[in-house]
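Undergrad: Chain residues, written in single-letter form:
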Amino acid sequence: MMSKDNSAKKPALSFLDNSSARMIALFVLVFVVCSLLKGGKFLNADNFLAMFRQFPEYGLLAIGIGMALIIGGIDLSAVYLANLSSIVAGLFLHHFYQGTGDGGTGLVLLSFVVALIVGAAGGILNGVLISGLGIPAMLATLGTQSLYWGLGVVLTGGSTLSGFPKVLGTMLNKKFGLFPVTLFIFLIAALITGIIVQRTKHGREMKMYGTNNRATLYAGLNNFKIVVTTHMIGGILAALAGIIMWGRYSSAKADTGSTYTMQAILIAVLGGVSPNGGSGSVTGIVLAVLIIQMISSVLNMYTFIPTACRQIVWGGLLLVVMILNFYLDQKKKNRH
Amino acid sequence: MSIKRLTKKTEFYVAIILIAFCLLVQVRSGQFFTPNNIVDLLRSLTIPMMFAVGEMMVLISGGVDCSFPAIASLSMYFVTTKMDGMFSSPIPYFLVAMLLGLCMGAVNGFIVAKYRFPAMIVTLGASSLWIGVMQGILGSSEYPLTSALYRLGEAKILTGTNAQTGFSSNLPVHFGFAVVLVLIGWFILNKTMLGRGIYAIGGDEVAAARAGFNVFGTRMFIFCFSGAMAGFIGVCRASMMMTVNPNNMIGMEMDVIAACVLGGVSLVGGKGSVLGAVLGTALMTLVANSLILLGIPTVWSRVFTGLIIIIGTGVSAVQEKQRKNTLHVAVSEE
Chain A
1 MMSKDNSAKK
11 PALSFLDNSS
21 ARMIALFVLV
31 FVVCSLLKGG
41 KFLNADNFLA
51 MFRQFPEYGL
61 LAIGIGMALI
71 IGGIDLSAVY
81 LANLSSIVAG
91 LFLHHFYQGT
101 GDGGTGLVLL
111 SFVVALIVGA
121 AGGILNGVLI
131 SGLGIPAMLA
141 TLGTQSLYWG
151 LGVVLTGGST
161 LSGFPKVLGT
171 MLNKKFGLFP
181 VTLFIFLIAA
191 LITGIIVQRT
201 KHGREMKMYG
211 TNNRATLYAG
221 LNNFKIVVTT
231 HMIGGILAAL
241 AGIIMWGRYS
251 SAKADTGSTY
261 TMQAILIAVL
271 GGVSPNGGSG
281 SVTGIVLAVL
291 IIQMISSVLN
301 MYTFIPTACR
311 QIVWGGLLLV
321 VMILNFYLDQ
331 KKKNRH
Chain B
337 MSIKRLTKKT
347 EFYVAIILIA
357 FCLLVQVRSG
367 QFFTPNNIVD
377 LLRSLTIPMM
387 FAVGEMMVLI
397 SGGVDCSFPA
407 IASLSMYFVT
417 TKMDGMFSSP
427 IPYFLVAMLL
437 GLCMGAVNGF
447 IVAKYRFPAM
457 IVTLGASSLW
467 IGVMQGILGS
477 SEYPLTSALY
487 RLGEAKILTG
497 TNAQTGFSSN
507 LPVHFGFAVV
517 LVLIGWFILN
527 KTMLGRGIYA
537 IGGDEVAAAR
547 AGFNVFGTRM
557 FIFCFSGAMA
567 GFIGVCRASM
577 MMTVNPNNMI
587 GMEMDVIAAC
597 VLGGVSLVGG
607 KGSVLGAVLG
617 TALMTLVANS
627 LILLGIPTVW
637 SRVFTGLIII
647 IGTGVSAVQE
657 KQRKNTLHVA
667 VSEE
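So the sequences go chain by chain: A and B. If you count the first sequence from 1, position 196 lands on 196 in this note's numbering, and the numbers rise without skipping. Basically this note's numbering = 1-based index in the second sequence + 336.
Some hints here could point you the wrong way.
[To be verified] Straight-line C-alpha distance at most 30 Å; calculated BS3-like pairs for lysine-lysine:
1. K450/B to K345/B
2. K207/A to K333/A
3. K527/B to K607/B
4. K225/A to K527/B
5. K344/B to K607/B
6. K660/B to K418/B
7. K166/A to K38/A
8. K345/B to K418/B
9. K607/B to K657/B
10. K201/A to K344/B
11. K201/A to K332/A
12. K450/B to K331/A
13. K344/B to K492/B
14. K207/A to K345/B
15. K657/B to K207/A
16. K225/A to K660/B
17. K492/B to K207/A
18. K450/B to K332/A
19. K333/A to K492/B
It is worth saying that the hints were derived from the structure and are not from the lab.
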């Protein structure tokens, strides 16, 4: 936005105009504050390992929901689609797996593919309802939220699915030094979606659609394809999150992680995704995931704070960040 | 109103589906048109119907409010636990809860009206905040209901008894409150300048401002009204249940929004009626409560809710698309 010739007379804090720079500054700030508050308890290998184990599941959901926000919509169904994917995959394993806890590596890998297919199909259904039928995204995904949740309840009879091959747990809980395997799943998925959103034609079309979908229609773009593809990617990310949660607990349930929807919206908005649609980046979302995880870990260390108080922090932070971004953006506009 | 105009109304179709569904349940079970079943249905309709009135106003103005269950729960929990036994009349409890609800609604209203953020994200954030305050700071747990409200819960309008089975159900006075609230909502929307303003803002905000409507003030009013009503409804719920359960309203927002939209209230604003919202809520309540009578296991209830939302909103979305298309054709042919 800013042309080169006026960069010389930029005020000292003007790097904050750029939302990525703003995120990096915030990241460093939160990191320093956390380190100062908790010192060695925060800055130690066990804590980092614990943090790396926790964020991939909701981080993936945040990227998926963030993509839905970028195209000017929302996805309220992601968490339940994640659970449905792992439930279907779990039933697939139950059906074909004959052993008593040993072996079954190939089947487990195959069941991951099943989960990803369920995720993609659920995402496509969301996209078709939104763009094909023209149901507002909020209502369409509210309906599918209920549907996926309900199907999960029907398939499990309302209880928890367990009794899977041991390799499921060992595979997904494996770690390389400080880095659990789920962190790599998160990073690879984030890298791929990051490239799609920030470096490809589809990513540009997503932002254009999010800014003004009538303009993209008149410009000859395929609106249906943009929406369906975006939600399909969101569905696949949800399925990945479902697989990670499945591996973490070695069990699948219809309503695991029901508070993640709110948290994922917060992360996306904190990460610079415009709540009105049209802009946002995966880089920002990933930084926001790390920030939220650090805050969450430090809050956990204060044992006298009830866990429910985190909801105050998430809700309050969402409102404060939105208002702060509003004023920072306004300043930027005034300067031009 | 002519038949032709009638058939263009969403309310008309919702009413037909509602009647058809009642008959279906009656044919399948023979238990639908029994006094106790009707009274039970009216009883479970009470709370969602009241919520729907507040939500409908927000929707018509082009916004959405996801925070009313949180506001209702927090204000109800505060007055029933912190003011337990202080008054012998239920009225102070209602008034304080409404005041608390009004303040929380004002926070929503201010942020939405001043910064023009999407109301859904703002109210989701606010919802998380208030639930956090209730669960984290007040430490929500079940609590015995204060006696003034307990006595109100025992008051009933009538009792429906099934002559064959001997089961009977009471219709609490709260149903009367709900009817009054629906009438107030109807009056504001149809008979006052404020109501015209709500429709005008939802239709086109800029045009409404040019026409002299106070956009900021109207938005503030809508959210404050919705918040104050939520406080009132929260206390109603506790006294109807005759116990303080802080968590059993959470999650109702989505069903209420869906019910309003089923009844023809537009999610993009400018359109909707009190009758439609009530019919939509009745349909949702009816389906949720009649699955057992139809012989469908309760694990399926969420699937059915989802399907109703998708099919109901899908039909009106497709209709809207066709209407727009025919409009374009009509214009181009001229």
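Undergrad: Next step is simple, just say for each hint if it's right about the structure.
TA: A quick look at each hint next to the structure:
Pair hint K450/B plus K345/B does not hold up; C-alpha atoms about 34 Å apart against a cutoff of 30 Å. Distance hint between K207/A and K333/A is fulfilled; the C-alpha atoms sit about 20 Å from each other, no more than 30 Å. This hinted pair checks out: K527/B and K607/B have alpha carbons roughly 16 Å apart, not beyond 30 Å. A threshold of 30 Å between alpha carbons decides the hint, and for K225/A with K527/B the separation of about 45 Å lies outside it, so the pair is violated.
Simply put, K344/B and K607/B have alpha-carbon atoms about 14 Å apart, close enough for the 30 Å limit, and the pair holds. Taking the CA atoms of K660/B and K418/B, the gap is near 54 Å; set against the 30 Å cutoff, the hint is violated. Of the supplied pair hints, the one linking K166/A and K38/A is violated, its CA atoms being roughly 36 Å apart against a limit of 30 Å. Distance hint between K345/B and K418/B is unfulfilled; the C-alpha atoms sit about 47 Å from each other, more than 30 Å.
Between K607/B and K657/B the CA atoms are separated by roughly 16 Å; this keeps the pair inside 30 Å, and the hint holds. The hinted pair formed by K201/A and K344/B fails the criterion: a straight-line CA distance of about 42 Å is larger than 30 Å. Restraint check for K201/A and K332/A: the C-alpha separation of about 28 Å stays at or below 30 Å, so the hint holds. With a CA separation close to 16 Å, the supplied pair K450/B and K331/A stays within the 30 Å bound.
Proposed proximity of K344/B and K492/B is contradicted: the alpha carbons are some 39 Å apart, above 30 Å. With a C-alpha separation of about 36 Å, the suggested pair K207/A and K345/B falls outside the 30 Å cut-off, and the hint is violated. Only pairs whose Cα atoms come within 30 Å are accepted, and K657/B paired with K207/A is accepted, the gap being roughly 24 Å. Between K225/A and K660/B the alpha-carbon distance is near 21 Å, which keeps this suggested pair within the 30 Å criterion.
As the CA atoms of K492/B and K207/A are separated by approximately 56 Å, the hinted pair breaks the 30 Å bound. Of the supplied pair hints, the one linking K450/B and K332/A holds, its CA atoms being roughly 19 Å apart against a limit of 30 Å. In summary, the hint linking K333/A to K492/B is not supported, as the alpha carbons are separated by about 60 Å, beyond the 30 Å threshold.
In terms of the numbered hints stated before, the structure departs from hints 1, 4, 6, 7, 8, 10, 13, 14, 17 and 19, listed from lowest to highest.
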